[in-house]
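Trainee: Spelled out, the chains give:
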Amino acid sequence: DAGVTQSPTHLIKTRGQQVTLRCSPISGHKSVSWYQQVLGQGPQFIFQYYEKEERGRGNFPDRFSARQFPNYSSELNVNALLLGDSALYLCASHGGGSNYEQYFGPGTRLTVT
Amino acid sequence: AQSVSQHNHHVILSEAASLELGCNYSYGGTVNLFWYVQYPGQHLQLLLKYFSGDPLVKGIKGFEAEFIKSKFSFNLRKPSVQWSDTAEYFCAVILPHSSASKIIFGSGTRLSIRP
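The listed protein sequences derive, respectively, from chains Y and P.
Count along the first sequence from 1, then add 16; that gives the number in my numbering.
Count along the second sequence from 1, then add 27; that gives the number in my numbering.
One or more of the hints may lead you astray.
Covered by chain Y, per the in silico footprint, the following chain P stretches (three or more residues, Cβ under 8 Å) [unchecked claim]:
id: 1; stretch: 64-73
id: 2; stretch: 86-97
So, partial list: chain Y residues that the calculated Cβ filter (under 10 Å) puts toward chain P [stated by the list, open to error]:
id: 3; residue: Gly-19
id: 4; residue: Val-20
id: 5; residue: Gln-64
id: 6; residue: Gly-72
id: 7; residue: Gln-118
Just so you know, the hints here were simulated from the structure itself, not pulled from any lab data.
Where a beta carbon is used, it is the ideal one built from N, C-alpha and C, also for glycine.
Put together the whole structure using the sequences plus the hints.
Mentor: Structure (structure tokens):
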């Protein structure tokens, strides 16, 4: 079975631009979460979606938005990019329920210049 | 705010040495606890998890962790490390019954093993 996939792998953008990152969860998983991992820090929670509805949001500005599609894939959008948005963006999927185990994708490395 | 503290930012050991990585969390209620590992160039992977029951949990690759409720700690241990254990290790918690399965990660500990 394929794991969580993310695209693109790497991305370079300039300040003020907009970016869209994509994630496909493990087959059968209905929930997707997004995390930002800045160099030297642990991942920080951005969003969780379950069955196309937002279930949680972290402390990120409104420039960050996301959505989940009927096939449970997800997109993370960041507008008006800042230098500080440079990070590894991780997607995690899980099947729901109470086991809380999440499976992470390889991430998208975003560099803002 | 709930937080997870990993006090060792970088640990350097020789092969066959014993390992203990510290993790403390700040939440007074029931938590679910995890250790994740990120090998160079690879995904975050789950090493082990604690939800309830025996406070000594065993994970993959010979790792184990002990939950000590009175100390709000969940330290990771391995009796004898190998060069292949070189990686970044993250302690994490999830607050049960929260509306989202939001994982709160520590800042990570980089483990370097000298061959």
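Trainee: Per the CB criterion, is Gln-118(Y) less than 10 Å away from chain P?
Mentor: 7 Å, holds
Trainee: Mind checking, does the stretch 86-97 of chain P have 3 or more residues with a CB under 8 Å from chain Y?
Mentor: Three-residue rule not met by the stretch 86-97 of chain P, so violated; n is 0.
Trainee: Is the interface hint satisfied for Gly-19(Y)? The criterion is a beta-carbon contact with chain P at less than 10 Å.
Mentor: Since the shortest Cβ distance to chain P is 7 Å, the answer is holds.
Trainee: Taking 8 Å as the Cβ threshold, is the statement that the stretch 64-73 of chain P is covered by chain Y upheld or broken by the three-residue rule?
Mentor: Coverage by chain Y holds for the stretch 64-73 of chain P (5 residues, Cβ < 8 Å).
Trainee: Tell me if Gln-64(Y) is really an interface residue toward chain P, meaning its C-beta lies closer than 10 Å to one of theirs.
Mentor: 4 Å, holds
Trainee: Going by Cβ atoms only, is Val-20(Y) closer than 10 Å to chain P?
Mentor: 8 Å, holds
Trainee: Regarding the hint that Gly-72(Y) lies at the interface with chain P, is the smallest CB-CB distance below 10 Å?
Mentor: With a closest approach of 2 Å, the Gly-72(Y) hint holds.
Hint 2 from the earlier list is the only one contradicted by this structure; the remaining hints agree with it.
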